[in-house]
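Need the complex rebuilt from these two chains, each delivered in its own frame; the hints are there to steer you.
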Amino acid sequence: MRYRWVMDNEDVALRNVTYRQFVDLGHAPTVHDIAAATGATPDAVWSGWQRLHDEHALVLQSHTREIRMANPFSAVPTAYRVSADDRWWYANCAWDAFGVCAALHVDGRIETSCADCGEPLTVHVRDERPDDEGLLFHCVVPAVRWWDDIVFT
Amino acid sequence: MNLFRSEEHLGRWLGSRAPGATISVTELCELAHAWWGNRLDPNWRPRSREQNQAILNDLGLTDAFWNLSANSTTPNLA
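Quick mapping for you: the protein sequence lines, in order, are chains A and B.
Numbering (the numbering used here) for the first sequence: 4 to 156.
Numbering (the numbering used here) for the second sequence: 90 to 167.
Chain B extracted, bound-state conformation (with noise of 0.2 angstroms):
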């Protein structure tokens, strides 16, 4: 989970890597806040996968890639 300058910095590091996920450092922000924000309540609860997966989904992030839950059997609480 790397931090590139541009398309052609990511494009020459990743060379003939699988490609993963790209999104903007704006899209990060915005994702980092939903997904920890809650991490230091007093009252903090773990989260189901479906609910980590709804962060996922309300910041459009909804392709495979994002997807939590494939055939996994242990929580994905990040």
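Isolated chain A (complex conformation) (with noise of 0.2 angstroms):
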């Protein structure tokens, strides 16, 4: 069976202005933040997002009404921490790490640890590339299988 694609404009435009507002605020926006910037209600936001969601254009909390991953950016604390563009954020993984500098198109530095030792490992990146070329990345669970268990993976 093929994919069917099925998010339609208005839920383009959702994620759209739900991502923007992550960035402006600085932390994820509630579906009362993307309700009084839309004009929708709140439960309308809350239905979009789960769409989106089923979409893999949004990670929700599983037993709350909040966003848990607008990817690259993490709406909860995780081990992944990235300065840029004057403010921290967090990232869900290492690969989203690098992200937020690529989604914000800026340098910046990434606070982590080695997954191994649990010595501290700070990376800059400047004009898209890092400083530190000596570390590896490593991805235990394969692309096909990113989506089962998008929090683990």
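None of these hints come from the bench; they were simulated from the model.
Heads up, a few of these hints could be off.
Unchecked claim - A few chain A residues that face chain B, going by a derived Cβ cut-off under 10 angstroms, partial list only:
| no. | residue |
| --- | --- |
| 1 | 19 |
| 2 | 26 |
| 3 | 30 |
| 4 | 98 |
| 5 | 113 |
| 6 | 135 |
| 7 | 143 |
| 8 | 145 |
Idealized CB from N, CA, C, for every residue including glycine.
Structural data, given as structure tokens:
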């Protein structure tokens, strides 16, 4: 069976205003933030976010009406902190940490730790390149299964 | 999706785990910019799986580990 594209223009617009608000606020917007920005009702925003979650355009918390991920940004604290554009951000993983600089189109500083020894790692990204080229990135989950459990991935 | 100081640290962390895929942090940075660079474009549109696969392919990530499509019926918009 082939994937059938279902994200309509209204949901794309909701997604785009949600991402813009995330960056403008420096943290995940609430349904009320987006309702105020768009004139939609909070319930309509929530329904749209659920569709975007199903389309892998957002990741929602499982038990609250809140955003967990607006990839590459994380709405919750993680082991990947990024200083970029005069703010600190949390990223969902090492890939997303570089993605924060990429999405914002700025240089940045990534702070995390070696997954083996726990020693702090700091990587500066300048002109889209890391300043420490000796580090390694490892991904355990094959690409086809990334969305089986995106939080684990 | 983790970072490691070196092959030695990665090998120790993997232990008896089945290894996935390893790339340098330089390749990761290139991948991140190709993948996430449009995320805040005001006219962002979702990419198709084929478009995402092309990003991986263009960076040389062409082995089975990086194949987005096998028998999946849901999008990979990551």
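A quick look at each hint next to the structure:
For residue 19(A), the suggested interface contact is upheld, since its CB lies about 6 angstroms from the closest CB of chain B, less than 10 angstroms. At its closest, the beta carbon of residue 26(A) sits 6 angstroms from a beta carbon of chain B; the interface hint therefore holds under the 10 angstroms criterion. Of the supplied interface hints, the one on residue 30(A) is violated, with its beta-carbon coming no nearer than about 15 angstroms to a beta-carbon of chain B, more than 10 angstroms. Hint status for residue 98(A): holds, given a least beta-carbon distance of 5 angstroms to chain B, under 10 angstroms.
Nearest Cβ of chain B to the Cβ of residue 113(A): about 9 angstroms, under the 10 angstroms cut. The hint holds. Taken as an interface hint, residue 135(A) checks out: its beta carbon lies about 7 angstroms from the nearest beta carbon of chain B, inside 10 angstroms. Among the interface hints, the one on residue 143(A) holds; its C-beta lies about 4 angstroms from the nearest C-beta in chain B, closer than the 10 angstroms criterion. Interface restraint check for residue 145(A): the shortest CB-CB distance to chain B comes to about 5 angstroms, inside 10 angstroms, so the restraint holds.
Of the hints listed earlier, the one the structure fails to meet is number 3.
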